[in-house]
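Novice: Here is how the chains run, residue by residue.
2 protein chains.
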Amino acid sequence: MSTLNLRQFSTRDAGFEREFARLLDRTPEADPKVEATVKEIIADIRARGDVALVEYTRRFDRRQLTSVAELEIPRQQLREAARALTKEQYDALANAAERIRAYHERQRTESWSYTEPDGTRLGQQVTPIERVGLYVPGGKAAYPSSVLMNAIPAKVAEVHELVMVVPAPAGELNPLVLAAAHLGGVERVFTIGGAQAVAALAYGTASVPRVDKIVGPGNVYVATAKRLVFGAVDIDMIAGPSEIVVLCDGRTDPEWIAMDLFSQAEHDEDAQSVLISLDAAYTAKVRAAIEKLLPGMERRDIIRTSLEARGALITVANLDEALALVNRIAPEHLELSLENPEDAAKRVRHAGAIFLGRYTAEAVGDYCAGPNHVLPTSGTARFSSPLGVYDFQKRSSIIQCSADGASSLGRTASVLSRGEGLTAHARSAEYRIKK
Amino acid sequence: MSTLNLRQFSTRDAGFEREFARLLDRTPEADPKVEATVKEIIADIRARGDVALVEYTRRFDRRQLTSVAELEIPRQQLREAARALTKEQYDALANAAERIRAYHERQRTESWSYTEPDGTRLGQQVTPIERVGLYVPGGKAAYPSSVLMNAIPAKVAEVHELVMVVPAPAGELNPLVLAAAHLGGVERVFTIGGAQAVAALAYGTASVPRVDKIVGPGNVYVATAKRLVFGAVDIDMIAGPSEIVVLCDGRTDPEWIAMDLFSQAEHDEDAQSVLISLDAAYTAKVRAAIEKLLPGMERRDIIRTSLEARGALITVANLDEALALVNRIAPEHLELSLENPEDAAKRVRHAGAIFLGRYTAEAVGDYCAGPNHVLPTSGTARFSSPLGVYDFQKRSSIIQCSADGASSLGRTASVLSRGEGLTAHARSAEYRIKK
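These protein sequence lines are chains A and B, in that order. Heads up: the first sequence at position 289 corresponds to 289 in the UniProt record's numbering, and the numbers run straight through without jumps. Heads up: the second sequence at position 272 corresponds to 272 in the UniProt record's numbering, and the numbers run straight through without jumps.
One should not assume that every hint holds.
Since copy identity is lost for identical chains, a pair holds within one copy or between any two.
As the list claims (entries may be wrong) - Subject to a maximum C-alpha distance of 27 Å in a straight line, what follows is the list of computed DSS-like cross-link-like pairs (lysine-lysine):
id, residue 1, residue 2
1, K155, K87
2, K434, K87
3, K155, K285
I should point out that these hints are in silico values taken from the structure, not numbers from a laboratory. Computed from a predicted model, the values in this text were never measured in an experiment.
Chain A on its own, in the form it takes in the complex (with noise of 0.2 Å):
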């Protein structure tokens, strides 16, 4: 095996500014080819409905298909495939569902209003979006775990419908994710997917209901759909690629913080695996266990593209200084795998999600912690949250004025409508002044 061409650099360095800003450097590319390709079939969807929708399936899953009744499969068949699992899978699922659901019961935001002294009430009404498309990929990048991170938010929040979309090129399906389905909640599956899924879920046609949101992966036609028909319905995140930060004091196995380098970067080639580390001579232990255990991984050749691209081994001169470096790059994963983790965490400001101590492996948060595992990637984590409970549900002010509330909260509406020149809003209010 050749040697790895893995990034290694210390603040120290008089190039490390240059060196870390390559890291930085997550800017996602649009491709207009792309864009006009999946306009294209969005509007075909809207103008032609479900012909266009089994035209573009046929065409793109190699699939025979005469209806499009023949796309949709009925509950009864995720139940099947849930009862078909074996019992250590079918209780791995189950158990994961369960944590998650119990994570996610405490995100539930309720209602809630006071009144004032005057007896005028102010408060907001929390209700679930009704109606939510999950899209899951198909073929060989199925997640039966991504199913469960995106449904089960969904159905906690008590969104009413969730439809998930999920291709079957050449008509093969994931009998985990059909299980995961039917532990998800899931009430109708069709099995579409790319652009025409996403557009059919924004606009609705004869046979598959419009939706009021559209969450879950996809590959860039998904992602540039789902960017495009945002504002008829809304999305959750458009993710980047994966990433994680290891920040590690030196004193954990380094054979475990180069499994857990190496179970992101596994994702695909661009996934980012970066260990920010306290201690020169232990970076490069964990270069030593890189290079010994790369050769043993089933999935060694996306490891190292990934590594070599993206990955980096940075040694850092205290505490301080790795703290201010995982709030530049705001991580989607940060593992803290120090020995009393619970200070440095409160100094984290952004990040996706913090996994504390050597016990915490990022890997158990992807399937079964109970935290969800859709999480800002490229530095979002500076402005958004994992997907949560409070992504299926909205609110609306409430406002209801007693006579003397409307009365001298009428007076304060008037002089600053008048103040901009509104004034049918100022005659509005002071209609309801008592004279």
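With chain A fixed as given, assemble chain B onto it according to the hints.
Specialist: Here is chain B on its own, set in the frame of chain A:
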């Protein structure tokens, strides 16, 4: 005055669905010429920074400028603007600020966590967005209330730095806007506007700091720029024209209702005012009140255009029908001018803000009741919420496994990740399983 050409129909009419569908057609049009111009401005600001910013500001705002330093207003000047107000204006603005703050204090989300029996701790750490840009339109449409409504939730969320931009066409600034910036706790103000201001906030220049999120209303250039920089920074919603639906049982003074409809219609020609009346005779009375009051309104031309283009008086058979229409419209503002509005409010599934009872004019919500006046428009209340403190906070998942927790979770993660073919994930989890 010529006859008012205001649409009036009933759910009993044969053509009802066609008439109603016209009201729901609120699709915003994208203008490719505007987009091309805005893309150029953004690229130019990214490439040339302050130099380009000064050039555009000179040209578009007709300013005599020699340096970028002239674009920042010292905080002292904001304080002075607040002091220079009349006592009536200062008191009204301060009262509104205080009420908005009290209401939004109740929206703050706190960090939370729980510990499982085996010692594993799970939760979410809540942090503020660090730096937020607030766009404020200049010139005639300068709204101090909008400054308060955007700034106060950000400051309640403990945003570190709030950077306001407001164009000063020909050097002119609205002292009420500056005073509101003072009361709202804005840290820095730049007199820049348009797409160039949005680009400067999104990418930063030598003088204007880069922010993490941009909020606030603006014209089509500003809205387009916000849409284009989304991803590099977060943005609030892109607002469509303002809307009100008034649902009335026929026992509120028809002049009050006419004025409530005017107060929305006077915003601009595209605004939408709709009455849903439980009683045909009452519908006629409101129409008569509209015709009587319209000629006396300062903004009668805008009101007339808006009512004729987009307004409607709809008579329904009963409350069920009325609420079904409300939920289809998903209005920005909803007045429930009913005797016992609480039960009806609970049946509203989609609305930005609900104004309960005859005394609650929508206008008090615009200025001083406390709830935010930045609300989802164009039916987006199906999936979005009023602007709030939650828009300026974000969350990081917290996962801290005990040795026992890592061992049992590791077993589940191992099975599931092997099911997905991700063996580095599996091994990373398996390292932490107790032998």
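Novice: Please go over all the hints and tell whether each is borne out by the structure.
Specialist: Hint check:
For a Cα distance limit of 27 Å, the shortest separation of K155 from K87 inside one copy, 25 Å, qualifies, whereas the shortest one across copies, 52 Å, does not. Taking the shortest Cα distances, K434 and K87 sit within 27 Å of each other only across copies (22 Å), while inside one copy they are farther apart (72 Å). In this assembly of identical chains, K155 and K285 lie within 27 Å of each other by CA distance neither inside one copy nor across copies; the values are 45 Å within and 46 Å between.
Against the hints set out earlier in the document, a violation occurs for number 3 only.
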